[in-house]
Amino acid sequence: MSFREVLAADAALIEVRLALALAGMADQPVVHAMRYAVSGGKRLRGFLVLEGARMHGLTTEAALSAAAAVEALHAYSLVHDDLPSMDDDDLRRGQPTVHVKWDEATAILAGDALQTLAFELMCAPALGPAEVRVALVAGLAKASGAEGMVLGQALDIAAETAPAPLTLAQITELQAGKTGALIRFSAEAGAILAGADPAPLRAYATALGLAFQIADDILDVEGDAAAVGKRVGKDADAGKATFVSLLGLEGAKARATALIDEAEAALTPYGAAAETLKEAARFVIARRN
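Numbering of the sequence shown is given in our numbering, commencing with residue 5 and proceeding in unit increments.
Just to be clear, a hint being listed does not mean it is correct.
[Stated by the list, open to error] If you anchor each label on the Cβ, the simulated ranges turn out as follows:
hint, residue 1, residue 2, range
1, Ala166, Gly275, 25 to 35 Å
2, Pro100, Val141, 16 to 26 Å
3, Val138, Pro100, 35 to 45 Å
4, Arg206, Pro88, 29 to 39 Å
[Unchecked claim] Straight-line C-alpha distance at most 20 Å; calculated SDA-like pairs for lysine to any residue:
hint, residue 1, residue 2
5, Lys282, Asp201
6, Lys105, Ala117
7, Lys146, Ala117
8, Lys257, Ala180
9, Lys244, Ile222
10, Lys46, Gly98
11, Lys282, Ala15
None of these hints come from the bench; they were simulated from the model. Glycine residues also receive a C-beta, built at the ideal position from the N, C-alpha and C atoms.
Go ahead and model the full structure; you've got the sequences and the hints to work with.
Structure below.
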């Protein structure tokens, strides 16, 4: 199958796994908000978990709960990032954000519950021996906490009131946490499941995550809100430093392309088995949303 076919098939499986995890929960607004928050999206992070596992000889089923876990964690981060006290967005994936559709308190609680659900999913017996599950939980915690996503978001908020726009090095550090940390862990998870060295996948995902963010900055300039599924032009309106504002549009595109070359080169040890991950890297800078 082509990368896009694999991505769609994996997304459908992850959707079912998340639905199963949420089934039977109380008929309450917070649970409805959780289901709403995890619906849709490309499931790129979950795909990275599954493809990394398959490259190491594991079945899709053996890694499915881990893929669902990173998607639940990602959904939590989006719900909280969209809050008025954070990025203050009212549109996500072409739909009203959770705090707009319900209210701010429900959004906070739904995000909290999705975060804890992620760790519950990461403890699923199907993921293997206890030591493997502990390694996955520890990796997810590190990627999502004060050394990863939370740090990146904190730096992003601080930048809004900083006396001077961020430098290129500072933006790179910020995005390595906010966007890159979960992408890195997602790529490494398959190797962790298989008890293999995650270093090549870490190198791949480090370059991929940065390229992903640069592509987002480009979409904020060139994208159409209907296609992107969220407001565009927001960074420029706020005078926020981005890869585009610092490198220029063509410079940002060139940097993203160079990063994809780096990502593909990191996969050399896997040979032809890594072709789908290489296609995923090329997709990251060609996407329209």
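Each hint, compared with the structure:
1. Ala166 to Gly275: 25 to 35 Å: Since Ala166 and Gly275 have Cβ atoms about 45 Å apart, the given range 25 to 35 Å is violated.
2. Pro100 to Val141: 16 to 26 Å: At 33 Å between Cβs, range violated.
3. Val138 to Pro100: 35 to 45 Å: Given range 35 to 45 Å: holds, Cβ gap about 38 Å.
4. Arg206 to Pro88: 29 to 39 Å: holds, 35 Å
5. Lys282 to Asp201: At roughly 19 Å apart (the allowed maximum being 20 Å), Asp201 and Lys282 satisfy the hint.
6. Lys105 to Ala117: holds, 17 Å
7. Lys146 to Ala117: At roughly 18 Å apart (the allowed maximum being 20 Å), Ala117 and Lys146 satisfy the hint.
8. Lys257 to Ala180: holds, 18 Å
9. Lys244 to Ile222: Cα-Cα ~13 Å, so holds.
10. Lys46 to Gly98: holds, 13 Å
11. Lys282 to Ala15: holds, 18 Å
In summary, the numbered hints that this structure violates are 1, 2.
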